[in-house]
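Modelling step: build the complete structure from the supplied sequences, incorporating the hints.
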Amino acid sequence: MLVLTALLVLPGQVLSQAPITFNYIEQQIITASDPAAAVDESSLIAAINLYDPLLYPNVEQGSMAPRPHLAESWTLSPDGRVYTFTLRRGVKFHSGRDLTAADVVFSMDRALRLKKGFSWVWTPVLEPGAIKAVDPYTVRMELKQAYAPFLGSLLLFFILDKDLVMSNIRPGPYGEFGDYGTAFLERADAGSGPYKMERFDRATEMVMARFDGYWRGWKPNQISRVSFKTVTEEATVKTLLLSGQADMVNQWLTVQGFRELRQAAGIVVKEDPSVQLFHLEMNTKKPPLDNVKVRQAIAYAFDYDIAIQQIFEGATKARGPVPVRVPGWNSNLPVFARNTAKARQLLAESGVPASALSIEYAYVVTLPLERQVGLLLKNNLEAIGFKVEIRGEPWARIVDLATKAETTPHITAIFDTLKYPHVDSHTYGMYHPSCWGTFRCMSFYENPKVTQTLEAARRATKPEEQMRLYQAAQAMIVADAPSIYVANPLHRIAFRDYVKGYRYVGLLGFDVAYYDFTIVK
Amino acid sequence: MSFGTYLLRRMLHIIPALVGLSILIFLLSRVVPGDPARLALGPDATPEQVRQLRQEMGLDKPLLTQYVLYVGGLFRGDFGFSLRTRRNVAQDIREFLPATVELTTVAMLFAVAVGLPLGVLAAVHKDRGADHVSRLLALGGVALPRFWLAILLQLVFAYYLGILPTIGRGPAPPVRITGLFLLDSLLVLNIPSFLVALKHIILPAVALSLGSLAQITRLVRANMIEEMRRDYALAARSYGLPERLIIFKYVLKNAFSSALTVIGLSYGFLLGNAFLVETVFAWPGLAFYGVDSLLFKDLNAVVGVTIVVGAAFAVVNLLVDIAYGYLDPRIRYEA
Chain X
1 MLVLTALLVL PGQVLSQAPI TFNYIEQQII TASDPAAAVD ESSLIAAINL YDPLLYPNVE
61 QGSMAPRPHL AESWTLSPDG RVYTFTLRRG VKFHSGRDLT AADVVFSMDR ALRLKKGFSW
121 VWTPVLEPGA IKAVDPYTVR MELKQAYAPF LGSLLLFFIL DKDLVMSNIR PGPYGEFGDY
181 GTAFLERADA GSGPYKMERF DRATEMVMAR FDGYWRGWKP NQISRVSFKT VTEEATVKTL
241 LLSGQADMVN QWLTVQGFRE LRQAAGIVVK EDPSVQLFHL EMNTKKPPLD NVKVRQAIAY
301 AFDYDIAIQQ IFEGATKARG PVPVRVPGWN SNLPVFARNT AKARQLLAES GVPASALSIE
361 YAYVVTLPLE RQVGLLLKNN LEAIGFKVEI RGEPWARIVD LATKAETTPH ITAIFDTLKY
421 PHVDSHTYGM YHPSCWGTFR CMSFYENPKV TQTLEAARRA TKPEEQMRLY QAAQAMIVAD
481 APSIYVANPL HRIAFRDYVK GYRYVGLLGF DVAYYDFTIV K
Chain Z
1001 MSFGTYLLRR MLHIIPALVG LSILIFLLSR VVPGDPARLA LGPDATPEQV RQLRQEMGLD
1061 KPLLTQYVLY VGGLFRGDFG FSLRTRRNVA QDIREFLPAT VELTTVAMLF AVAVGLPLGV
1121 LAAVHKDRGA DHVSRLLALG GVALPRFWLA ILLQLVFAYY LGILPTIGRG PAPPVRITGL
1181 FLLDSLLVLN IPSFLVALKH IILPAVALSL GSLAQITRLV RANMIEEMRR DYALAARSYG
1241 LPERLIIFKY VLKNAFSSAL TVIGLSYGFL LGNAFLVETV FAWPGLAFYG VDSLLFKDLN
1301 AVVGVTIVVG AAFAVVNLLV DIAYGYLDPR IRYEA
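The listed protein sequences derive, respectively, from chains X and Z.
Just so we're aligned: 264 in our numbering is position 264 of the first sequence, and the numbers increase by one with no gaps anywhere.
Take the position in the second sequence, starting the count at 1, then add 1000; the result is the number in our numbering.
Because the hints were derived from the structure by calculation, they are not lab data.
Glycine included, each C-beta is placed from N, C-alpha and C at the ideal position.
Watch out, some of these pointers could steer you wrong.
The calculated lysine-lysine pairs, modelled on DSS-like cross-linking and capped at a C-alpha distance of 30 Å, are [what the hints assert, rightly or not]: (1) X:LYS293 to X:LYS92; (2) X:LYS462 to X:LYS404; (3) Z:LYS1061 to X:LYS404; (4) X:LYS115 to Z:LYS1126; (5) X:LYS500 to X:LYS92; (6) X:LYS219 to X:LYS285.
Here chain X is said to cover these stretches of chain Z; the calculated rule only asks that three of the stretch's residues, wherever they fall, bring their Cβ under 8 Å from a Cβ of chain X [stated by the list, open to error]: (7) 1064-1076; (8) 1084-1097; (9) 1280-1290.
Here's what the structure looks like:
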């Protein structure tokens, strides 16, 4: 009878109770197994599976908005400065110890003092000591001022086992905290996540085993063991997936590589609009691009349709600086399209002599796609009288050039992914003068009204008011044309068809949460 | 000059070479564009974070001071902190070097074991079937790009036939002695572990060896043909000595000395240039680590790897010189 019931409930599926090993291939090494130092995808995947963040993206609803996780609930003071979090009871670390407010306080103080990873998101408003344990299950965080992206940024705040870390410190520069356990966390974990680190060989593999005491519990067909392998060569990655030696491979394969995989039997290539912006940043401090009409002329001269159809293959056309799937994106922004007559008219209105229309376009030399965009831009701009020099540079050089307006090229091709799940990332983070000197702000954009609006948006306490201000800023920014907004490329990932439960909400690493996957063969 | 004096002189030559190499690579690594601290911290790091890391790395000090501190560290076994792996480069090298040494050694053994008899066979059967086949193989070995061959071998033997592993070195033997899986398995007489390591190394070693194998074959063939025309070979034949004795005892010994140079150079070359094969087979070796570090501008790692590979090159050349001295005593007396 039980068997019959099971067959009726799960037609065509066989529940496997045996341990399930999952082979995941990533093309870059896990540079940091310490969650406070994680910034790249591989390191974030490790953190998400070994640790628990305070809040979690609402993947069940297909949204990146924060939902309760370790924090069951929270309140915000009327002035938007004080967050009070109530922690979930019964959460255990891998050591077997209960997670309490002291661990949360320790983890945030540690992140702020180490100054690595995503600490830069919190340092403008938080200082060590500003986080207090009110009682064992209540934490209070006192910000210097209201800060709109704060709650979202806590998705990237992972909680460590204070006692375990402190019992493994070595001498170091942090006084009584020694090295803050940084050396220890490079070979072990101190988390409460669904998986425990079993083995870590940085160059080749991290093996994780299911943590039986995980607070969310376990269901049949979930993955019990993970082999996270690093394989850089694309041909090898494809061979591993095709032969069944890998169950899932990362997003960094080429479009051609995914196309090949899609044609193979038993493989799913999942495509989603990403939260990435590809744009051509125009240096607004460098003549002739210091003239807004020249920038607008360039924005009208560029052939977006060809770029989207022939170079980006399936990408969404960008509409402003904020990727279109990010909450807070302004859907009423004017859309630039190629209009040569208008471009010529704007050039004439600019008053810039034809002899001054000479610019350079820089791109990352290892990305042929950016070169193709450069050639398209050159072709489009030369049709209206510009001279364009195309220059490939190593990424390290571009980062260096970006430090000063004088050294920053006229136009630079940049892929920019959402840094934290908030519209602030692609507005304040790119167009507030405080970001000058980084690759994100190679336009050196400055408009006092926009600056004021962005600051007001960050300080606004009501979400509706925040969004209204961020959207107003977007409109002003687009009108000033500090960039050519080209595309929101597709996010692709490939896995065997028996892997179920994959969900992409746009946040780096959160789609590869092994706990969400089941294997149904 | 005695053999001991000869050996000592050759060893002393290594010191200025390594000092020169360390200065050169140290300077080069610092003039390459890009701020390593900014790269390491990620593009979103604040100027303060970058400044702090530059200070921790000593990048704010004058170049000469940086060099002196670095060399001082080398004598204490401290190769500096890696920005990529966040630990001492010496520790990284200890972890990655054995994989490359093992791969390169097996590749060279394979190249010599196959290339030498193939060269002899081609020379003895000059302009006949065996010669044509060996020349074709040699030409292919030199002409085929290593990474392409590696992918091809992987597809045939790992994907279609499924008889050899696709990637990696396999599980480490239970006891680590040298870090060379094959040797460590043998030392503790763990035959199953040895066989697993052997299965994993076959494809990368074959892919890596073919270039050297081809060179050795061609060189041995050419030298053998030349030596076989010399007076001493003719005299031996006229005395009625057996052909096998003439070839293997007299001709091959003379023909082999120049092939020895190629073997020595190839070994050193492969140590630093195995990265394409290491990349395809996800082989956790030093060459791959070195290239990865270069792309990431991980200064200490780049300098550390270069010095280690340079030292290995120098040691291998020293061994070749010793072997030369053994094979041809005139060399050690002329030196």
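Under a C-beta cut-off of less than 8 Å, do 3 or more residues of the region 1280-1290 of chain Z approach chain X closely enough to confirm the stated coverage? holds (count 6)
Quickly compare the C-alpha distance for LYS500 of chain X and LYS92 of chain X to 30 Å and report which way the hint goes. holds (27 Å)
Counting residues of the region 1064-1076 of chain Z with a beta carbon closer than 8 Å to any beta carbon of chain X, are there 3 or more? Per the Cβ count (0), the hint is violated.
Does LYS462 of chain X pair with LYS404 of chain X here, judged by a C-alpha cut-off of 30 Å? Distance ~36 Å between LYS462 of chain X and LYS404 of chain X Cα, so the pair is violated.
Has the given pair, LYS219 of chain X with LYS285 of chain X, been kept, meaning a C-alpha gap of at most 30 Å? Violated, at about 58 Å.
Below or equal to 30 Å on CA atoms is what counts here, so check LYS115 of chain X against LYS1126 of chain Z. Roughly 70 Å between the alpha carbons, so the hint for LYS115 of chain X and LYS1126 of chain Z is violated.
Quickly compare the C-alpha distance for LYS1061 of chain Z and LYS404 of chain X to 30 Å and report which way the hint goes. Satisfied, since the Cα-Cα distance of roughly 22 Å is no more than 30 Å.
Coverage assertion for the region 1084-1097 of chain Z with respect to chain X, Cβ distance below 8 Å, three residues required: holds (count 6)
Holds or violated: LYS293 of chain X to LYS92 of chain X, with C-alpha atoms at most 30 Å apart: Judged against 30 Å, a Cα distance of about 60 Å means the pair is violated.
In this structure, the earlier hints numbered 1, 2, 4, 6 and 7 are contradicted, and the remaining ones agree with it.
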